[in-house]
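Asks: Now for the letters of each chain:
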Amino acid sequence: MTDNGLGVEADTGPDHGAAFAGRAMGSALRLTIGSLAAASPAAGSVAWDGVVESFEISEQAMSRFREKSELTALNNMAGTGSISRPSVRLRRALVAADRAHRVTRGRFDPRVLADLDRLGYRGAALAPGTAQMDARPAATQGDPRTVRAPADPDERRVVDRIGRDGISIARPIDLGGIGKGLALRWATAELERDGVSNFLLEAGGDLVARGLDPGGGPWLVGIEDPTEAIEHLAIIAVMNDAVTTSSIRVHRWSVEGRAVHHLLDPRTGEPAEGGLLSVTVAGADPAWAEVWSKVLFVGGRTAIAREARARGLAAWWVADDGTLEMTADARWRTVWVAAEDDPEGAAG
Amino acid sequence: MTERRPPVHLAVLIGVSTAAYAVSLAGTAALQANTDQALILARTPAQEAAVRVGEAHDRLEAQVERSAKAYALSAATYDQLTVGLATLDTSLETYASRMKKVSGAARALPARASLPSVARSSGSSSSKPRAAATTAASGAP
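Chains A and B are the protein sequences, given in the same order.
What the first sequence shows, in the working numbering, is residues 294 to 641, in sequence order.
What the second sequence shows, in the working numbering, is residues 127 to 267, in sequence order.
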């Protein structure tokens with residue numbers, strides 16, 4: 294194992310593969326290359342450097358936790374002005390978020406920054422008096438089931454104006470529900486451009502798999518047990534897909550004696566309380582997998598099966614009683630399930 | 127002196143004769159025309175029948191030609207089929223020969239085969255495969 298000077302560690306394995314690890318977007322960033330084949334060993338380091346750089350560019354464009362990011366600058370101008378000459382990534386991210394908002398009929402909405410802030414999940418401080426940070430009072434104080442009044446037609450669009458010359462928004466935005474997926478999408482494209490065809494790229498629990506693992510089989514990915522009773526509830530085989538998880542295992546805290554978490558229902562402005570602990574979705578694109586994992590989580594236990602199956606999603610979900618369920622499309626990707634294993638071997 | 131007068135009676139005679147001839151000629155022509163018309167009417171059905179017979183003959187000739195072509199094609203197909211059947215016959219002979227050899231080899235096999243015993247691993251009772259990564263909550267280490 295060697296340090297490549299970027300604060301990351303590289304490990305070249307016996308199967309002519311290589312593994313690299315670092316941090317990005319507040320999470321662990323890992324790259325495992327299945328086989329470098331004819332490429333020189335240095336090719337792995339070059340590919341990793343490209344991934345790190347890609348994530349840095351993405352974070353600078355989309356992070357709400359960085360004071361100097363483009364998104365923070367845009368949020369500071371919410372309702373009052375615009376930022377000029379935005380980066381390509383920020384523009385694409387906002388277009389993607391706007392489309393996700395429309396496709397999910399508002400169940401995905403990046404305009405929850407004010408609610409996250411109100412609940413204590415704060416990012417970079419915005420300028421005092423930033424427009425609309427508290428303009429949509431939660432109609433839900435103490436009752437998350439209460440849906441806010443429908444947004445007016447002007448609020449149907451996430452972005453007021455978007456172009457190469459400038460962007461303006463009416464309300465501050467959090468791209469946390471799609472940003473990591475987009476960063477994975479762009480970093481994956483960089484790797485493929487570099488000629489790396491067999492790899493596993495992980496960013497804080499979300500990942501993209503391409504080709505085969507060092508052993509020549511599909512990449513095996515464990516689905517975390519959000520109750521932490523065991524390590525994995527299931528193992529799934531992934532070849533050319535992305536896998537993302539929306540879970541409340543890490544980001545949950547207490548506000549005035551009430552347990553809250555970071556997965557908000559945009560319709561109420563409150564943490565979703567649908568009887569789910571986590572939702573995992575596998576799909577071709579990490580950004581859309583991330584969007585659907587959150588939308589399914591918000592939909593709750595009673596609606597998730599119908600919604601996931603209707604949309605043909607490969608989805609696994611863990612209910613608040615710890616049980617794992619999945620769609621038919623997810624079942625054939627699943628190679629091992631703890632609950633179906635030898636009862637002496639693992640807990641359910 | 128005696129004055130010579132033109133012979134008027136000769137002129138009248140010639141005129142009357144000419145008129146009589148003309149009338150008889152017209153009558154004869156009319157009779158001839160009527161006869162020809164009747165003959166034409168009498169022969170028309172026979173001509174039409176002759177045309178129909180000619181057309182039927184043409185059709186029959188075309189059918190005979192098509193039949194001849196179809197026969198030639200069938201003959202060619204049959205020739206090919208014959209070749210295919212000959213090949214199949216050869217293949218079947220080869221197959222039968224091989225089957226005879228396999229049957230002989232099968233008869234030579236022992237009725238029972240004893241396999242070496244396999245030791246069961248007692249390390250872990252779980253069949254859980256090793257995961258290369260974990261999909262988990264955002265912000266997980």
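Keep in mind that the hints were calculated from the coordinates and are not lab data.
Incorrect hints may appear among the rest.
As the list claims (entries may be wrong) - On the chain A side, residues computed to face chain B include the following (Cβ under 10 Å):
#1 Gly-504
#2 Gly-509
#3 Val-514
#4 Thr-573
#5 Asp-622
#6 Trp-625
Note that the structure is a prediction, hence the values are computed from the model and not measured.
Note that beta-carbon positions come from the ideal geometry of N, C-alpha and C, so glycine has one too.
Asks: Take the hints in turn and mark each one as holding or not.
Replies: Evaluated hints:
1. Against a cut-off of 10 Å between C-beta atoms, the interface hint on Gly-504 of chain A is violated, since the closest Cβ of chain B lies about 12 Å away.
2. Because the beta carbon of Gly-509 of chain A sits about 13 Å from the nearest beta carbon in chain B, more than 10 Å, this interface hint is broken.
3. The interface hint given for Val-514 of chain A is met, as the beta carbon of that residue sits about 5 Å from the closest beta carbon of chain B, less than 10 Å.
4. Given the 10 Å rule on beta carbons, the hint for Thr-573 of chain A holds: about 5 Å separates it from the nearest Cβ of chain B.
5. Of the supplied interface hints, the one on Asp-622 of chain A is violated, with its beta-carbon coming no nearer than about 16 Å to a beta-carbon of chain B, more than 10 Å.
6. The beta carbon of Trp-625 of chain A comes no nearer than 16 Å to any beta carbon in chain B, farther than 10 Å, and the hint placing it at the interface is violated.
In summary, the structure is inconsistent with hints 1, 2, 5 and 6 from the numbered list given earlier, while agreeing with the others.
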